[in-house]
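Single-letter residue listing:
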Amino acid sequence: MTEQTPKMSARDVSVFYGDKQAVKNVSIDIDMDKVTAFIGPSGCGKSTFLRSFNRMNDTVAGARVEGLVTLDGEDIYAPSMDVVQLRARVGMVFQKPNPFPKSIFENVAYGPRIHGLAASRSELEGIVESALRRAGLWDEVKDRLSDSGTALSGGQQQRLCIARAIAVDPEVILMDEPASALDPIATAKIEELIGELRGRYAIVIVTHNMQQAARVSQRTAFFHLGTLVEYGETDAMFTAPRMERTKDYITGRYG
Amino acid sequence: MSALALIFVVAGLGLIGWLTARARAASFELGGAKRLHSLPGQHGWYVAIWTVLPALLFIAVWSGMTPRLVQDAVLQHPAAAQLPAFDFERDALLAEAKRVARDRSATAFDPVAEQLVAPTRAAISYYGWIGAGVSVLLAFACGALAFTRIKARFKARTRVERGVMSLLLLASLIAILTTLGIFLSLLWESLRFFGQVPITDFLLGTHWSPQVIDANDPGKSLGAVPLFWGTFFIGAVIAMIVAIPFGLMSAIYLTQYAAPGVRRWMKPILEILAGVPTVVYGYFAALTVAPAVRDLAVMLGMPFASSESALAAGLVMGVMIIPFVSSIADDSIAAVPTAMRDGSLAMGATRSETIRKVLIPAALPGVVAGILLAVSRAIGETMIVVMAASGAANITLNPLESATTVTKQIVDLLTGDAEFDSPKTLAAFALGLTLFVITLILNIVALRVVKKYREAYE
Ligand SMILES: Nc1ncnc2c1ncn2[C@@H]1O[C@H](COP(=O)(O)OP(=O)(O)O)[C@@H](O)[C@H]1O
Ligand SMILES: [Mg+2]
Chain A
1 MTEQTPKMSA RDVSVFYGDK QAVKNVSIDI DMDKVTAFIG PSGCGKSTFL
51 RSFNRMNDTV AGARVEGLVT LDGEDIYAPS MDVVQLRARV GMVFQKPNPF
101 PKSIFENVAY GPRIHGLAAS RSELEGIVES ALRRAGLWDE VKDRLSDSGT
151 ALSGGQQQRL CIARAIAVDP EVILMDEPAS ALDPIATAKI EELIGELRGR
201 YAIVIVTHNM QQAARVSQRT AFFHLGTLVE YGETDAMFTA PRMERTKDYI
251 TGRYG
Chain B
1 MSALALIFVV AGLGLIGWLT ARARAASFEL GGAKRLHSLP GQHGWYVAIW
51 TVLPALLFIA VWSGMTPRLV QDAVLQHPAA AQLPAFDFER DALLAEAKRV
101 ARDRSATAFD PVAEQLVAPT RAAISYYGWI GAGVSVLLAF ACGALAFTRI
151 KARFKARTRV ERGVMSLLLL ASLIAILTTL GIFLSLLWES LRFFGQVPIT
201 DFLLGTHWSP QVIDANDPGK SLGAVPLFWG TFFIGAVIAM IVAIPFGLMS
251 AIYLTQYAAP GVRRWMKPIL EILAGVPTVV YGYFAALTVA PAVRDLAVML
301 GMPFASSESA LAAGLVMGVM IIPFVSSIAD DSIAAVPTAM RDGSLAMGAT
351 RSETIRKVLI PAALPGVVAG ILLAVSRAIG ETMIVVMAAS GAANITLNPL
401 ESATTVTKQI VDLLTGDAEF DSPKTLAAFA LGLTLFVITL ILNIVALRVV
451 KKYREAYE
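Chains as they are written, first to last, in our numbering: chain A, 1 to 255; chain B, 1 to 458.
Note that these hints are calculated values from the structure, not bench results.
Keep in mind that this is a model prediction, so the values were computed, not measured.
Just so it is clear, CB atoms sit at the ideal spot from N, CA and C, and this is done for glycine as well.
Be careful, since some hints might not be right.
[As the list claims (entries may be wrong)] Restricting the straight-line Cα-Cα distance to at most 30 Å, the calculated cross-link-like pairs of lysine-lysine (DSBU-like) are:
id	chain 1	residue 1	chain 2	residue 2
1	A	Lys102	B	Lys357
2	B	Lys357	A	Lys96
3	A	Lys102	B	Lys451
4	A	Lys142	B	Lys424
5	A	Lys96	B	Lys424
6	B	Lys452	A	Lys142
7	A	Lys24	A	Lys189
[To be verified] If we take Cβ atoms under 7 Å as the criterion, some of the chain A residues that face chain B in the derived model are:
id	residue
8	Met56
9	Ala88
10	Gly111
11	Ile114
[What the hints assert, rightly or not] Derived, one-sided and incomplete: chain A residues facing chain B with beta-carbon distance under 10 Å:
id	residue
12	Thr5
13	Ser9
14	Ala61
15	Thr70
16	Arg87
17	Val90
18	Gly91
19	Val93
20	Gln95
21	Cys161
22	Ala165
23	Ala167
24	Val168
With the hints as constraints, model all of the structure from the sequences given.
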């Protein structure tokens with residue numbers, strides 16, 4: 001593996017909810033041109049850890065993050081870090097599609113508007129179109145951009161949310177089980193989309209589905225009870241896991 | 001026999017029915033079946049219900065009829081010929097006779113009434129005994145009939161269940177029927193009014209002065225437009241200018257910014273405010289706000305400004321409505337899924353951007369419905385305007401001038417000397433009916449909006 005500086009990295013990160021520690025001293029590097037998958041049994045802290053990369057844990061009352069998280073080497077928990085800017089650079093897609101109760105166009109235009117990315121209406125339209133194209137949704141919705149985003153199917157809603165995240169041109173996209181609420185066909189579309197987005201954005205995807213991790217990711221991190229058990233190349237991990245616990249999980253002995 | 005004693009007797013019969021039926025059911029042969037369909041107690045209840053219920057119904061109907069019957073009987077008496085023909089005095093004498101007839105220690109002032117005491121007493125006791133006899137008989141007959149029906153296989157349990165259900169249904173119908181009754185009586189009186197005053201004069205006329213009514217053309221001075229304007233201006237414009245921003249902002253603070261500790265005591269306090277008797281707000285309006293508003297008007301160059309301005313009443317009404325708007329807005333904002341808020345925050349939106357661009361638009365239908373309900377409350381509010389608004393019916397856009405409202409006029413029309421079939425008095429019912437219909441429509445619209453909104457997030 002060539003030594004490149006990681007896009008994001010976590011060093012000794014612990015996350016607490018009140019007195020309860022949900023993530024324990026996790027260190028990890030996220031590379032720019034790879035898809036990184038977080039796997040592990042439910043409740044092991046994958047979502048919590050993921051949310052420490054865009055400081056969404058700040059919005060949870062009683063949540064506290066310790067350790068160092070950097071983006072391009074910069075500490076994102078430093079007082080000088082602007083959370084608004086951080087979240088524009090590190091986008092997020094949630095488990096359950098959560099389009100705003102606005103039109104399809106307004107959903108995608110939301111980020112560019114609040115960050116002032118478009119100087120004119122036509123520029124905004126251009127941004128919306130290219131985001132929808134990259135999310136593979138343009139052909140399906142181009143004739144009904146003014147329809148409500150909530151009227152789309154679940155899979156379309158999730159791709160709309162991806163388009164919404166892409167529209168502000170982030171560097172990293174965090175996805176928390178983006179396909180777990182979708183049917184197999186919609187899931188396949190999302191996985192295909194992740195493949196297309198790879199390279200342009202650093203992508204981190206949480207999934208409880210190991211086949212999905214194997215299909216979409218190049219690196220996989222296995223979590224158990226708040227700790228990082230094993231982290232490495234996806235292929236290696238699924239064929240020859242180094243740790244006993246990883247092997248047990250992958251072969252379905254628990255989880 | 002008094003109605004209370006009668007009820008006790010019937011209840012006693014019911015108890016006897018319950019005991020005997022239970023005892024009898026307990027002695028049933030099982031006859032091959034593993035157990036009785038119903039427990040002995042349920043047979044007891046079946047008989048008890050049949051004993052008590054028809055008799056009670058009869059007592060209720062009969063006590064409603066007796067006064068009428070007694071009066072008719074008394075009027076048959078020769079002494080009744082001396083009664084004055086005029087309704088009002090006649091009723092007063094009959095009432096006096098009745099009072100003395102019931103209360104032996106009292107004496108009548110009027111000689112005619114004195115003469116009527118004995119026949120009244122006789123009639124009361126006569127009809128009282130008839131009622132007692134029939135109800136006891138009814139209780140006995142129905143109870144006995146029910147008793148003959150209970151057998152080992154009789155499904156008393158199911159029957160009792162049905163009886164309980166009917167009772168509950170009856171209870172819930174009473175509220176609805178009462179409302180319906182109120183509405184019908186309003187409608188009835190209003191129809192009498194519209195028999196004397198053309199409805200178009202009332203609804204479209206712009207001149208309101210019920211003190212001077214031209215008997216040949218009463219509609220000329222009973223045009224309600226100034227009242228509806230005043231109601232709308234005070235309740236829907238001025239009050240809402242106060243209540244909407246403050247209510248909304250307090251809801252936003254409570255749902256989005258307040259620490260849980262603050263919210264825990266602040267929300268109940270707001271809700272308690274909603275329960276303060278409106279007369280208290282009325283004092284505040286009349287004694288504190290109204291003079292201040294008048295001083296302001298004088299300062300602004302209206303030397304003869306009224307102290308009964310639309311502004312004073314509207315401001316205080318708005319304050320009264322704040323908790324109401326706040327509580328409904330609070331519920332609507334809290335009902336917006338957290339995922340929506342998180343989605344916006346994760347895009348890099350600030351808290352206030354998220355509130356303005358996502359939460360409020362998403363909660364808007366609920367908020368609008370809440371505002372409609374608040375308006376409907378404000379325009380029906382009476383005490384504040386009675387105490388602080390003026391009686392002068394003006395159509396004005398100047399909040400410093402006086403304006404009156406529908407509710408205030410209803411109170412004015414019905415207090416003091418009132419003849420119950422003059423257009424002036426009947427106008428109060430027409431006003432009440434119109435207000436009733438308007439608030440009803442507002443409430444229906446609001447409930448529909450809320451329902452649609454709830455469905456959107458299910
Ligand atoms: N908002 C919260 N408050 C308190 N505890 C939480 C909260 N969110 C998650 N947890 C707890 O933290 C642990 C990790 O949760 P999570 O990160 O959601 O796990 P995963 O995504 O792997 O299923 C769980 O035990 C969960 O109960
Ligand atoms: Mg999770």
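Structure-based check of all given hints:
The hinted pair formed by Lys102 (chain A) and Lys357 (chain B) meets the criterion: a straight-line CA distance of about 10 Å does not exceed 30 Å. Proposed proximity of Lys357 (chain B) and Lys96 (chain A) is supported: the alpha carbons are some 21 Å apart, at most 30 Å. Between the alpha carbons of Lys102 (chain A) and Lys451 (chain B) the distance comes to roughly 19 Å, so the proposed pair stays at or under 30 Å and holds. A hinted pair counts as satisfied when its Cα atoms are at most 30 Å apart, and Lys142 (chain A) with Lys424 (chain B) does not qualify at roughly 65 Å.
For the hint linking Lys96 (chain A) to Lys424 (chain B), the alpha-carbon distance of about 64 Å lies beyond 30 Å, and the restraint is violated. Proposed proximity of Lys452 (chain B) and Lys142 (chain A) is supported: the alpha carbons are some 28 Å apart, at most 30 Å. For the suggested pair Lys24 (chain A) and Lys189 (chain A), the alpha carbons sit about 34 Å apart, so the restraint of at most 30 Å is broken. Hint status for Met56 (chain A): holds, given a least beta-carbon distance of 6 Å to chain B, under 7 Å.
A distance limit of 7 Å between C-beta atoms decides the matter here; for Ala88 (chain A) the minimum to chain B is near 4 Å, and the interface restraint holds. At a threshold of 7 Å, the smallest CB-CB gap from Gly111 (chain A) to chain B is about 5 Å, leaving the interface hint in force. Taken as an interface hint, Ile114 (chain A) checks out: its beta carbon lies about 5 Å from the nearest beta carbon of chain B, inside 7 Å. Restraint check, Thr5 (chain A) versus chain B: the minimum CB separation of about 24 Å is more than 10 Å; hint violated.
Nearest Cβ of chain B to the Cβ of Ser9 (chain A): about 21 Å, over the 10 Å cut. The hint is violated. A least Cβ separation of about 7 Å between Ala61 (chain A) and chain B falls short of the 10 Å threshold, and the interface hint therefore holds. This hint is violated: Thr70 (chain A) has a C-beta 18 Å from the nearest C-beta of chain B, more than the 10 Å allowed. For the restraint placing Arg87 (chain A) at the interface with chain B, the shortest Cβ-Cβ distance is roughly 4 Å, inside the 10 Å limit, so the hint holds.
With 10 Å as the threshold, the beta carbon of Val90 (chain A) comes within range of chain B, its nearest partner Cβ sitting at about 9 Å, so the hint holds. Proximity of Gly91 (chain A) to chain B holds as hinted, the smallest CB-CB distance being about 7 Å (cut-off 10 Å). Look at Val93 (chain A): its Cβ gets to within about 9 Å of chain B, closer than 10 Å, so that hint holds up. Given the 10 Å rule on beta carbons, the hint for Gln95 (chain A) holds: about 9 Å separates it from the nearest Cβ of chain B.
Among the interface hints, the one on Cys161 (chain A) holds; its C-beta lies about 7 Å from the nearest C-beta in chain B, closer than the 10 Å criterion. Against a cut-off of 10 Å between C-beta atoms, the interface hint on Ala165 (chain A) holds, since the closest Cβ of chain B lies about 7 Å away. For Ala167 (chain A), the interface hint holds, since its Cβ comes within 10 Å of a Cβ in chain B; the closest pair sits about 9 Å apart. Annotation: Val168 (chain A) was flagged as interfacial toward chain B, and the flag holds, the nearest CB pair being 7 Å apart, inside 10 Å.
The earlier numbered hints that this structure contradicts are 4, 5, 7, 12, 13, 15.
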